[in-house]
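Working from the sequences, and respecting the hints, build out all of it.
Heads up: the sequence lines are chains A and B, in that order.
Each step along the first sequence adds one to the number in this note's numbering, with nothing skipped, and position 67 is 67.
Each step along the second sequence adds one to the number in this note's numbering, with nothing skipped, and position 206 is 206.
Don't take each hint at face value.
Each pair of labels, with its calculated beta carbon distance range [to be verified]: (1) Glu361/A - Ala20/B: 57 to 63 Å; (2) Ser111/B - Ala260/A: 44 to 50 Å; (3) Ile5/A - Asp267/B: 35 to 41 Å; (4) Gln81/B - Gly229/A: 54 to 60 Å.
Partial list, derived from the structure: chain B residues whose beta carbon lies under 7 Å from chain A [said to hold, decoys possible]: (5) Lys137; (6) Ser149; (7) Gly153.
Derived by calculation from the structure, the hints in this document are not laboratory data.
All C-beta atoms, glycine included, are put in the ideal place defined by N, C-alpha and C.
Okay, here's what each chain looks like letter by letter:
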Amino acid sequence: MANQINLQGNQACALGAIAAGCTFYAGYPITPSSEVAEAMSRELPKVGGTFIQMEDEIASMGAVVGASMGGLKAMTATSGPGFSLKQENLGYACGAEIPCVIINVMRGGPSTGMPTRPAQGDIMQARWGTHGDHPIIVLTPASVAECYTETIRAFELTERLRVPVIVLIDEVIGHLVETVDLDALQPEKLVERTFATGSKDGFEPYAVTDDMIPPFPRPGDGFRSHTTGLTHLPSGFPTQNPAKAEAALVRTTDKLDLHADLIASNELVQTKDADLLIVALGISARAAQQAVTDLRADGIKAGLFRPKTLWPFPESDLKACVNGAKAILVPEMNQGQMILEIERLMARDLPVIGLNKIDGEAITPAEIVAKVNEVLS
Amino acid sequence: MKDTGFNDQGHFCSGHNACAGCAEALAMRVVLNEVGEDAIGVVAPSCVAIILGAHPNNSAKIPFIHGTIESAAASAAGVKQALIAQGKNDTTVLCFAGDGGTYDIGLQSLSSVAERNEDILYVCFDNEGYMNTGGQKSSSTPRAAATGSTPLGKTTRKKNMVEILAAHRIPYIATASTSHMGDLAEKVRKAKAIRGTKVLIIIIPCLPGWGVADDAATKVARLAVETGVFPLFEIEDGVKYTMSVGEKTKEIGSYLELQKRYRHLDDEGREGLQAEVNENWERLAEIAGK
Chain A
1 MANQINLQGN QACALGAIAA GCTFYAGYPI TPSSEVAEAM SRELPKVGGT FIQMEDEIAS
61 MGAVVGASMG GLKAMTATSG PGFSLKQENL GYACGAEIPC VIINVMRGGP STGMPTRPAQ
121 GDIMQARWGT HGDHPIIVLT PASVAECYTE TIRAFELTER LRVPVIVLID EVIGHLVETV
181 DLDALQPEKL VERTFATGSK DGFEPYAVTD DMIPPFPRPG DGFRSHTTGL THLPSGFPTQ
241 NPAKAEAALV RTTDKLDLHA DLIASNELVQ TKDADLLIVA LGISARAAQQ AVTDLRADGI
301 KAGLFRPKTL WPFPESDLKA CVNGAKAILV PEMNQGQMIL EIERLMARDL PVIGLNKIDG
361 EAITPAEIVA KVNEVLS
Chain B
1 MKDTGFNDQG HFCSGHNACA GCAEALAMRV VLNEVGEDAI GVVAPSCVAI ILGAHPNNSA
61 KIPFIHGTIE SAAASAAGVK QALIAQGKND TTVLCFAGDG GTYDIGLQSL SSVAERNEDI
121 LYVCFDNEGY MNTGGQKSSS TPRAAATGST PLGKTTRKKN MVEILAAHRI PYIATASTSH
181 MGDLAEKVRK AKAIRGTKVL IIIIPCLPGW GVADDAATKV ARLAVETGVF PLFEIEDGVK
241 YTMSVGEKTK EIGSYLELQK RYRHLDDEGR EGLQAEVNEN WERLAEIAGK
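Here you go:
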């Protein structure tokens, strides 16, 4: 018999991290993400890992950056206000290409907002929270099983690509309890960071390689390296030379384009013949999936495009499944964030309509069905 | 009924959001009673913010700004400077926070407030952990106490915040307990009359967080004082130490046995904590006796 257990989304993120080989967690208590830290405090010692409860959100992110620079797979978890405080160190990790995973459990905002209530208001903060142009990957699980598998994938992507990865879930997914079979969800093979090997003479920590991913100089291996938040040359040392500075920055963002196929992931639900396409993530996608079933029972051909990778947005995948749709509906628990990206991609080819809710309650299937009927009438 | 000598001015209202039996509500009642009506408060996210309540159930008569956890002290300094700029120098500016917002994330702004000797009265309701997020450890959590994030017991000592702040040479810092209400009230009165940064740290046994019976909060707070685990004392100008309760009269066991967070401790663990308490008490008494 399968090893079925009841598991909460936040706990699944923690167990997924352990399964991915994470051995370092630094965090700070914040609702509704604290269960991630509590689970890590229990599980990490069992695998010889290190759990540190830090004095604040800034230090938590700082410790994760340090542990990753030390060569470990490192993670933290937080929610809205804490995510804001982590942004400077997150930007540092983006610029210095330091692998790390951040679980952000979205609650009502801004500020303290509604700490125990769900929202999806960090879609733009996850992409643009830190300043300057930077690469970042954001994954959006929509079930407890996916909290587990997407956290594993987050580690695979961050370790392989040297880009920070955010696992973005709403409070409902974080506190959702579902039955999962973890044995069936194990990764076949763990993806490890590429550590620098070979000659130490003339080693460049940010060398421009074919895959645009510089091999990581593991501390103790003897490679001389310089790591900085300043815009830097392949040598690791700062530059303000316009051409060289731009080339250095462009490489880190081009890196994501080069590996777009590896990063992109989404789920399609009855999109082939859909007259009306719904684009949704997290708990809103769960409601949308039920709405598609209900609408189809009423003879309305609805379909769902659910990005599992939110950023970079899987744009070619979305464009490929629009087919004959007459409109796109974007239900999200904010005042319209993901819809801006959909509108940009559709370039006025077809109407893109929002369904927005910021009252601390999840969007229901019935609300989506009613909106679809309104749109099609 | 025993007369507590407490003359309630009604500055803290019924219908507040504290857990039934929580000593923090009592501490707030005493502090707000002594501070009076000419005051403005800033409160960090904490149990005290929850107890103060959200509109329309505000439990304090004075206005409170519910600020951010990392910079409540800085915001209080801003309020005070704004009042001074308008000639309202006598209005008391209060800052309320928990131990997480004082010992951990808020330490930077509190330290800077103390360094500038901003004229605020800062009150830390110290329940030795992040009890409002489900009970994780803070740097105020004592050694050996089990919390959500130290399930086998914390391995390091409680941060000595009183003397860290005293090292800033602020005019007044004191510890207090709801078990000694008269002492608490006297300390608020004394602090209110002083210009500069004043800090009170009040021990608040957390009923669910410490695993204390609903009717035992003040009993546990009293034992914290009587065992010397949480000595009541004042430090003026960073150097003048005065013990408020001059003797410790009980062994630590009577304090520990009322709390589930210490139930994993064996005799050796208890003896280790007793030795720490003895050493700290003797050190404080020696400084105070000079």
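Checked hints:
1. Glu361/A - Ala20/B: 57 to 63 Å: violated, 29 Å
2. Ser111/B - Ala260/A: 44 to 50 Å: Cβ of Ser111/B to Cβ of Ala260/A: about 47 Å, so the range 44 to 50 Å holds.
3. Ile5/A - Asp267/B: 35 to 41 Å: holds, 38 Å
4. Gln81/B - Gly229/A: 54 to 60 Å: Cβ of Gln81/B to Cβ of Gly229/A: about 33 Å, so the range 54 to 60 Å is violated.
5. Lys137: Cβ of Lys137/B sits 6 Å from chain A, so the hint holds.
6. Ser149: holds, 4 Å
7. Gly153: violated, 12 Å
Of the numbered hints given earlier, the model fails hints 1, 4, 7; all others are met.
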